[in-house]
Amino acid sequence: MSLFEKIKNDIVENQVWKAIFRHGYEDTPRNRVMMVTANVFLHLHPAKVRRHAIRMRFTWCMGGLTFFMFLVTAVTGVYLMFYYRPVAEYAYSDMKYLEFDMPFGMLMRNMHRWAAHTMVVFVWLHMFRVFLTGSYKPPREFNWIVGVLLLVLTLLLSFTGYLLPWDQLSIWAVTVGSNMARATPLLGNEGPFADLVGANPIYDARAFLFGGGEIGPHTLLRFYILHCIFIPLVASILMIVHFWRIRRDGFSGPPL
Amino acid sequence: MAEATREKKLPVDDKVHTWPHLVRLEFLVALLVFVVLIIWSVSIDAPLEEAANPTRTPNPSKAPWYFLGLQEMLVYFDPWHAGVVLPSLIIVGLMLIPFIDINPKGNGYYCFKDRKYEILTFFLGFHVLWVSMIIIGTFFRGPGWNLFWPWQRWDPHKVVALTNVDLPYLVGFRDYTWSAVFGVVVIGAYFVLFIAGFYWWVLRIKGREFLERWGMVRFMITAVLVALMISLPAKMFLRLVFNVKYILVTPWLNI
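Chains A and B, in that order, are what the protein sequence lines are. Note that my numbering has the first sequence beginning at 1, numbered continuously upward. Note that my numbering has the second sequence beginning at 257, numbered continuously upward.
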């Protein structure tokens with residue numbers, strides 16, 4: 001037995017290794033199945049998949065990559081949260097601080113932003129691919145609905161994050177984007193029939209979104225909490241459902 | 257490939273182990289994308305402009321790029337319609353797709369021949385309308401939301417004549433009440449004619465047997481959603497060719 005073999009055996013044949021991995025190390029069909037079924041993360045996949053269903057020309061890898069982009073933004077986002085205070089007086093200077101003083105601060109911020117943009121594009125491409133292969137048809141109708149909700153949440157995640165740098169770009173982009181809420185029929189103060197329900201500039205759909213009549217410090221805190229806690233939480237729950245239903249309804253390809 | 261998967265009986269060895277075949281692929285693709293993302297993030301910095309100043313509105317003020325399609329729609333419709341009603345209908349319409357599309361073909365494989373109308377509709381809604389509006393909003397709109405070529409200098413003092421008139425005025429109505437009545441009639445006629453035309457078209461293309469299977473509810477939902485989708489290019493056409501501002505003018509809402 002070579003030295004390499006011996007070291008490998010020492011690693012994979014001791015009690016600690018066996019306590020963590022419930023299956024043997026050897027490449028046997030049984031272990032291949034166990035790798036997936038005995039792993040909490042991988043068991044979202046079935047143990048076996050249809051050969052053609054995992055081809056890249058079929059999946060475009062877009063669903064998985066969207067999730068990967070979500071993970072990248074989650075990890076880089078946590079790093080950014082260490083140095084960022086969602087208070088109007090501090091937010092912008094914290095951005096500068098992050099940019100110039102924090103180790104890898106600028107890289108983390110860049111990765112966070114570009115991954116977020118990429119996630120939006122990937123989620124659209126994923127929807128387009130699912131449409132092209134007709135993968136929303138029975139029995140996958142419900143998963144398509146969950147997917148549409150996730151698409152909306154992706155856009156909302158990106159939109160709420162847009163405000164956080166608290167620079168000219170962010171407050172005006174969010175102002176323009178949110179002004180539409182002001183025009184909601186019945187519920188917005190500039191929308192049709194607003195006077196019927198008594199909507200006014202400080203008491204309407206946009207004020208609910210902003211936490212006040214105008215964009216301001218209250219909006220920053222509100223968007224921060226939506227961006228960092230509420231929407232990621234809801235999106236995660238829907239992702240669990242989404243992945244679970246892929247597992248139940250068959251991984252791509254015609255239903256069984 | 258479509259031919260191969262359409263077979264009813266699947267061979268037993270059609271399946272492969274997820275580990276390593278799928279997990280390996282996922283890992284490698286994620287790694288590749290991660291490397292590209294890091295190179296991108298090292299070379300291009302995320303934008304950070306001067307500190308927020310609520311008293312200084314930039315011109316133009318643009319929404320995040322993925323919402324610029326909606327902002328571009330504001331040129332043609334009022335905010336309550338372009339910013340609230342139509343986006344909500346896009347979301348609801350997307351969710352309804354699996355329930356109005358009863359074509360059993362193309363379930364889980366590429367298939368263009370038997371699904372050409374479904375795919376063309378999606379193509380029209382997604383690529384032609386949504387994506388192209390985003391491109392126009394991102395690259396072709398400057399100060400005052402006026403049209404500029406991407407290489408053109410943004411002139412904040414560009415003078416654009418406001419020549420748009422309401423459709424009732426254009427055809428000769430000078431009375432508010434009759435203008436509103438005319439607007440309602442035009443919009444009602446649009447939907448009635450569209451649904452009737454759609455009915456005739458489906459009957460001709462797919463036949464009566466299909467229509468019965470499809471059902472009146474599915475037909476009506478589809479017809480109304482498609483009519484609403486086509487209303488955007490229809491309004492764009494009226495605006496760009498005839499300078500029509502609104503079709504329906506009332507004290508409460510304009511369309």
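Read the hints as simulated data drawn from the structure, not as lab findings. These figures come from a predicted structure and were not determined experimentally. Just so you know, not all the hints are guaranteed correct.
Unchecked claim - Straight-line Cα separation of at most 20 Å, SDA-like style, residue types lysine to any residue; simulated pairs: (1) Lys-372/B - Phe-128/A; (2) Lys-318/B - Arg-247/A; (3) Lys-318/B - Ala-307/B; (4) Lys-96/A - Asp-301/B; (5) Lys-48/A - Arg-247/A; (6) Lys-318/B - Val-241/A; (7) Lys-271/B - Met-34/A; (8) Lys-372/B - Asp-301/B; (9) Lys-318/B - Phe-395/B; (10) Lys-361/B - Gly-216/A; (11) Lys-318/B - Met-34/A; (12) Lys-318/B - Gly-216/A.
Stated by the list, open to error - Example chain B residues on the side facing chain A (calculated, C-beta under 8 Å, incomplete): (13) Trp-275; (14) Thr-313; (15) Phe-382; (16) Leu-385; (17) Val-416.
Claimed, not checked - Covered stretches of chain B (chain A as the covering partner; in silico rule of three or more C-beta atoms under 8 Å from a C-beta of chain A): (18) 299-308; (19) 453-463.
From the three backbone atoms N, C-alpha and C, an ideal C-beta is built for every residue, glycine too.
Pairwise hint evaluation, Asp-301/B against Lys-96/A, where the allowed Cα distance is 20 Å at most: Holds - the C-alpha atoms of Asp-301/B and Lys-96/A are around 13 Å apart, at most 20 Å.
For the region 453-463 of chain B, do three or more residues have a beta carbon lying closer than 8 Å to a beta carbon of chain A? violated (count 0)
Tell me if the interface restraint on Leu-385/B is satisfied: Cβ within less than 8 Å of some Cβ in chain A. Since chain A brings no Cβ nearer than about 13 Å to Leu-385/B, farther than 8 Å, the hint is violated.
Straight-line Cα separation of Lys-318/B and Val-241/A no greater than 20 Å? Violated, at roughly 35 Å.
Holds or violated: Lys-318/B to Arg-247/A, with C-alpha atoms at most 20 Å apart: violated (41 Å)
Interface hint for Trp-275/B, Cβ within 8 Å of any Cβ on chain A: With a closest approach of 4 Å, the Trp-275/B hint holds.
Take a quick look at whether Lys-271/B and Met-34/A sit within 20 Å of each other, Cα to Cα. holds (16 Å)
Between Lys-318/B and Phe-395/B, does the CA-CA distance stay at or below 20 Å? With Cα atoms ~11 Å apart, Lys-318/B and Phe-395/B stay inside 20 Å; holds.
Closer than 8 Å between Cβ atoms is the bar; does Phe-382/B clear it against chain A? Give me holds or violated. OK, holds: Phe-382/B within 8 Å of chain A, min 6 Å.
20 Å limit on alpha-carbon distance, applied to hinted pair Lys-372/B and Asp-301/B: violated (42 Å)
Compare the distance between the alpha carbons of Lys-372/B and Phe-128/A with 20 Å, and conclude whether the hinted pair is satisfied. holds (15 Å)
Does the alpha-carbon distance linking Lys-48/A and Arg-247/A stay inside the 20 Å limit? Within the cut-off at roughly 11 Å; holds.
Hints 2, 6, 8, 10, 11, 16, 17, 19 from the list above are not met by this structure, while the remaining hints are.
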